[in-house]
Amino acid sequence: MRILQAARAKVCCAALIAAGIFAAAGPVLAHHSFTMFDMTKRVTLAGTVTSFEWTNPHSYIEIDVPDEKGAVKHYSIEMGSPSILMQSGWKFSSLHAGDKITLIMNPMKSGQNGGFLSTATLPDGKVLSNGPRQEPPPPPAQK
Amino acid sequence: MKLKMLRCAALLPITLAMVHAQPASQPPDLTGVWGIYRGGPGADPKFAAPAPGPIVLKPEYDKPYQEKRARESAAAQRGEQLDNSGARCIPYGVPSMMAIAIYPVEFIQTSKQVTIISEAFSEVRRVYLDRPQWKIEDVAPGYYGRSVGRWEGETLVVDTVGIKPAASGYRGIPHSPQMRVTERIAKLSPEILHDQITVTDPVTLEQPWSFTFAYKRIPNYEMLEYVCENNHEYIDDQGVTHLRLQDNK
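Here the protein sequences come in this chain order: D and L. Reminder that position 47 of the first sequence reads as 61 in my numbering, one-by-one numbering, no gaps. Reminder that position 23 of the second sequence reads as 497 in my numbering, one-by-one numbering, no gaps.
It should be emphasised that the hints constitute simulated quantities derived from the structure, not laboratory data. A few of these clues could be false.
To be verified - Below, in silico cross-link-like pairs of lysine to any residue (SDA-like), each with a Cα-Cα straight-line distance of 20 Å or less:
1) D/123 <-> L/551
2) D/87 <-> D/57
3) D/55 <-> L/550
4) D/123 <-> L/713
Since this is a predicted model, take the numbers as computed values, not measurements.
Using the sequences plus the hints, can you model the full thing?
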């Protein structure tokens, strides 16, 4: 695994927006909250996709990332579900094993080699986020 | 010719009246896919879901409920999530399935039945329009219970009983086998739908609890399947959820 960047960043990623939606007062959580991910950190990984799992309750990018010495570590990157990902332009065929990609993720607080996807740059250069189609928040409740 | 035209003209109001009268005699068609409506700038406030009513649990249920919420909040501060049905990929049932995250619901309406499908977890409920409700004790407890409906003008009124206590209550509210869910489902416009839900439970609730979900039509949307086949979450013996990842394989 090669970590290109590990820096605290402003809380602005699509993942956090997604978390906000899931935590909204109205609908219930679909699956789990995002407390296990450090949404204040963004880590960039560059590596080779070993599998792209277009599945529920979450999709996953499994990726091997070499470090500076050539040693390879494996990361599991959680994404939204297919329904959510389709709203930001993903398809079941967006990635394939062997694709070389760069992605930005919010790392696990536990230190495990995993995280929640923020954005991924596909082999064709297209950048896709992990967030759903956004509608602005509802207006304040009428008194 | 002139006489014929006059006859046609004389009949026109009657014909128009019949055309106009026909929709009023037919219930509105709720068929379609509806997404959670979140309003936004310029949105008409009357389409937004009103704020939910207060939850007033009986003291013997309120205390453990508040304690559970406090544990969940403390766990979240530690970066942990406690056990819940969603993390186990267990469907939510009625009424929570009507609003799961941003997943849409699909209504399929016939004269005798309204079928409602939530994309999340592919949950399905059937509202029978042509038969009476059973006594609660005659309904086998389940996640969706037994729903019957009737039209009150433009509003579909749905009565549901038979929800098992294990089904996750909306907002985690505890409920007993005596819970009754009454919904008033109506279109506020061709594009906006509201489901006003009232939960009564003589065992756990001091008073009925009402809340409303608002939806906006999603034209031409094709619902996706949702099979919870790749759940990386597991619950440890302390009731805390974790992700099982393929790290360092």
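Here is what the structure says about each hint:
1. For a cut-off of 20 Å, the pair hint linking residue 123 of chain D to residue 551 of chain L stands: about 12 Å separates their Cα positions.
2. Pair hint residue 87 of chain D plus residue 57 of chain D holds up; C-alpha atoms about 14 Å apart against a cutoff of 20 Å.
3. About 17 Å separates the Cα atoms of residue 55 of chain D and residue 550 of chain L, which keeps this hinted pair within 20 Å; it holds.
4. Between residue 123 of chain D and residue 713 of chain L the CA atoms are separated by roughly 18 Å; this keeps the pair inside 20 Å, and the hint holds.
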